[in-house]
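Colleague: Listed below are the residues making up each chain.
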Amino acid sequence: AQTVTQSQPEMSVQEAETVTLSCTYDTSESDYYLFWYKQPPSRQMILVIRQEAYKQQNATENRFSVNFQKAAKSFSLKISDSQLGDAAMYFCAYRRNAGNMLTFGGGTRLMVKP
Amino acid sequence: DVKVTQSSRYLVKRTGEKVFLECVQDMDHENMFWYRQDPGLGLRLIYFSYDVKMKEKGDIPEGYSVSREKKERFSLILESASTNQTSMYLCASSWGSGGAYEQYFGPGTRLTVT
Numbered sequence: 001a002q003t004v005t006q007s008q009p010e011m012s013v014q015e016a017e018t019v020t021l022s023c024t025y026d027t028s029e030s031d032y033y034l035f036w037y038k039q040p041p042s043r044q045m046i047l048v049i050r051q052e053a054y055k056q057q058n059a060t061e062n063r064f065s066v067n068f069q070k071a072a073k074s075f076s077l078k079i080s081d082s083q084l085g086d087a088a089m090y091f092c093a094y095r096r097n098a099g100n101m102l103t104f105g106g107g108t109r110l111m112v113k114p
Numbered sequence: 115d116v117k118v119t120q121s122s123r124y125l126v127k128r129t130g131e132k133v134f135l136e137c138v139q140d141m142d143h144e145n146m147f148w149y150r151q152d153p154g155l156g157l158r159l160i161y162f163s164y165d166v167k168m169k170e171k172g173d174i175p176e177g178y179s180v181s182r183e184k185k186e187r188f189s190l191i192l193e194s195a196s197t198n199q200t201s202m203y204l205c206a207s208s209w210g211s212g213g214a215y216e217q218y219f220g221p222g223t224r225l226t227v228t
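From first to last, the protein sequence lines are chains A and B.
Numbering of the first sequence is given in our numbering, commencing with residue 1 and proceeding in unit increments.
Numbering of the second sequence is given in our numbering, commencing with residue 115 and proceeding in unit increments.
Don't read these hints as lab results, they were simulated from the structure.
Among the clues, some could well be false.
Looking from chain A toward chain B, a few residues come up when the C-beta cut is under 10 Å (computed) [as the list claims (entries may be wrong)]:
(1) A1
(2) V4
(3) Q6
(4) S42
(5) Q44
(6) F91
(7) C92
(8) A93
(9) N100
(10) F104
(11) G105
(12) G106
No more than 25 Å apart at the CA atoms, straight line, and that leaves these computed lysine to any residue pairs for SDA-like [what the hints assert, rightly or not]:
(13) B:K171 with A:A1
(14) A:K55 with B:Y215
(15) A:K73 with B:A214
(16) B:K117 with A:R43
(17) A:K113 with B:P153
(18) B:K127 with B:S179
(19) B:K127 with A:P41
(20) B:K117 with A:F104
(21) A:K55 with B:A214
(22) B:K117 with A:E61
(23) B:K132 with B:E170
(24) B:K117 with A:L47
(25) A:K113 with A:S7
(26) B:K167 with A:M101
(27) B:K169 with A:F104
(28) A:K70 with B:E216
(29) B:K117 with A:G99
(30) B:K132 with B:K184
(31) B:K185 with A:G99
(32) A:K78 with B:Y215
(33) A:K78 with B:P153
(34) A:K73 with B:E216
(35) B:K117 with A:P40
(36) B:K184 with A:G99
(37) B:K167 with A:G99
On the chain A side, residues computed to face chain B include the following (Cβ under 10 Å) [stated by the list, open to error]:
(38) P9
(39) Y33
(40) Y37
Treat the numbers as computed from the prediction; the structure is a model and nothing was measured.
Don't be surprised by glycine CBs; every beta carbon is placed ideally from N, CA and C.
Next comes chain B alone, as it looks inside the complex:
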């Protein structure tokens, strides 16, 4: 079974703090993704990575950066957290590009910025 894990289920941070969210997958997937989930808006793509050190912006990259130093690990960084970044963050991974490749999701991190 594919396993995608995220470092925390719940996180509370203060405005202005630097926040790291980590994601690890154990199936040697090429692609990894970070989404933000908000009620009524569904999931919106923040960034994705198709290889180590390679990344592309998604729909809402502002205020976020990412790092992928190893194939199995993909980190989302909030350089200076703000209250409007309070949300559920989901990581996903997939084997290949395009087509019917399924994305496998982690359990999510619920981040609260106060």
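In isolation and in its complexed conformation, chain A is listed as follows:
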């Protein structure tokens, strides 16, 4: 079975600084997708960024980028120029390419200090 681990229950960052959230996963599959989801306080969870395992290039979405290390089974999220609106729970998730089910990590609560 696949597992996803987020080792940092809480992180904090100063506004305008950069922060990296860690995620590791375990799978025997070679074809899969990885996702970072954001859950703001009292608001709906939204997709931040996704990475296809067969792509070497790290995905980027504006201030959000990932460091995908397939051999190490590591998938970290970097947030640059942090903003107050980035404060949220962040979940790393895994799905094998042929599957429907997402496997989530335990989440990291990010606090942004003004």
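Following the hints, put chain B in place on chain A, whose structure we already have.
Modeller: Showing chain B alone in chain A's frame:
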């Protein structure tokens, strides 16, 4: 914009009651999901449905059942609520199976069983 709505944001029920949580999506998505969210455990899949009247068990189906009579509506049923089912329940939907298909989430229902 995809919209996933859930019937209640907060619900308080007594032990032994039958509880219905309803989810509606407005984008003609094939797949719908019910997750349970607990601190430190992330989201865990209870059930998902890939078509009307079709369902598959997720990781933690015990104590729950589901119903999907119409494509846009997916209900989670707690036949006899227990205190260990106190949790946040999230519904999600997606267009297709596997690959990079994004799951869209509802706002969640915080259920308290006393």
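Colleague: None of the hints should be skipped; say for each whether it holds.
Modeller: A quick look at each hint next to the structure:
Annotation: interface hint on A:A1 holds; nearest CB of chain B at approximately 9 Å, less than 10 Å. At about 8 Å, the closest approach between the beta carbon of A:V4 and any beta carbon in chain B falls short of 10 Å, and the interface hint on this residue holds. At about 8 Å, the closest approach between the beta carbon of A:Q6 and any beta carbon in chain B falls short of 10 Å, and the interface hint on this residue holds. The beta carbon of A:S42 is positioned within 10 Å of a beta carbon in chain B (closest approach about 8 Å), and the interface hint is therefore held.
Hint status for A:Q44: holds, given a least beta-carbon distance of 5 Å to chain B, under 10 Å. Taking 10 Å as the C-beta cut-off, the interface hint given for A:F91 holds, the closest approach to chain B being about 6 Å. For A:C92, the interface hint holds, the least distance from its beta-carbon to any beta-carbon of chain B being 9 Å, beneath 10 Å. Residue-level restraint check for A:A93 holds (minimum Cβ-Cβ distance to chain B is 8 Å; threshold 10 Å).
Satisfaction of the interface hint for A:N100 is found here, the shortest Cβ-Cβ separation to chain B being roughly 5 Å, below the 10 Å cut-off. Interface restraint check: A:F104 against chain B, minimum CB-CB distance 4 Å, threshold 10 Å, status holds. About 5 Å separates the beta-carbon of A:G105 from the nearest beta-carbon of chain B, less than 10 Å, and the hint is met. Hint status for A:G106 relative to chain B: holds, with the closest Cβ pair at about 5 Å, below 10 Å.
Distance hint between B:K171 and A:A1 is fulfilled; the C-alpha atoms sit about 15 Å from each other, no more than 25 Å. Distance check on the hinted pair: A:K55 and B:Y215 sit about 16 Å apart at the alpha-carbon level, within 25 Å; holds. Our distance criterion of 25 Å between C-alpha atoms is met by A:K73 and B:A214, whose separation comes to about 18 Å. This hinted pair checks out: B:K117 and A:R43 have alpha carbons roughly 13 Å apart, not beyond 25 Å.
Between A:K113 and B:P153, the direct Cα distance comes to roughly 23 Å. Compliance with the 25 Å bound is thereby established for this hinted pair. A hinted pair counts as satisfied when its Cα atoms are at most 25 Å apart, and B:K127 with B:S179 qualifies at roughly 17 Å. Distance check on the hinted pair: B:K127 and A:P41 sit about 24 Å apart at the alpha-carbon level, within 25 Å; holds. This hinted pair checks out: B:K117 and A:F104 have alpha carbons roughly 22 Å apart, not beyond 25 Å.
This hinted pair checks out: A:K55 and B:A214 have alpha carbons roughly 13 Å apart, not beyond 25 Å. At most 25 Å may separate the alpha-carbon atoms for a hinted pair to count; B:K117 and A:E61 meet this at roughly 22 Å. Only pairs whose Cα atoms come within 25 Å are accepted, and B:K132 paired with B:E170 is accepted, the gap being roughly 21 Å. Straight-line distance between C-alpha atoms of B:K117 and A:L47 comes to about 14 Å, which keeps the hinted pair within the 25 Å bound.
Between A:K113 and A:S7 the CA atoms are separated by roughly 21 Å; this keeps the pair inside 25 Å, and the hint holds. Proposed proximity of B:K167 and A:M101 is supported: the alpha carbons are some 18 Å apart, at most 25 Å. A distance of roughly 20 Å separates the Cα atoms of B:K169 and A:F104; the hinted pair therefore holds under the 25 Å criterion. Taken as a hint, the A:K70 and B:E216 pair is honoured in the structure, with Cα atoms around 21 Å apart against an allowance of 25 Å.
Simply put, B:K117 and A:G99 have alpha-carbon atoms about 23 Å apart, close enough for the 25 Å limit, and the pair holds. The straight-line distance between the Cα atoms of B:K132 and B:K184 is roughly 21 Å, inside the 25 Å bound, and the hint therefore holds. At roughly 20 Å between alpha-carbon atoms, B:K185 and A:G99 fall within 25 Å of each other, so this suggested pair holds. With a C-alpha separation of about 22 Å, the suggested pair A:K78 and B:Y215 falls inside the 25 Å cut-off, and the hint holds.
In summary, the hint linking A:K78 to B:P153 is supported, as the alpha carbons are separated by about 23 Å, within the 25 Å threshold. Pair hint A:K73 plus B:E216 holds up; C-alpha atoms about 21 Å apart against a cutoff of 25 Å. For the hint pairing B:K117 with A:P40, the CA-to-CA distance comes to about 17 Å; that is within 25 Å, so the pair holds. Distance restraint check for B:K184 and A:G99: the Cα-Cα separation of roughly 23 Å lies within the 25 Å cut-off, and the hinted pair is therefore satisfied.
Restraint check: the Cα-Cα separation between B:K167 and A:G99 comes to about 19 Å, which is no more than 25 Å; the hinted pair holds. For A:P9, the interface hint holds, the least distance from its beta-carbon to any beta-carbon of chain B being 7 Å, beneath 10 Å. Hint on A:Y33 holds. Least Cβ distance to chain B is approximately 6 Å, under the 10 Å limit. The beta carbon of A:Y37 comes within 8 Å of a beta carbon in chain B, closer than 10 Å, and the hint placing it at the interface holds.
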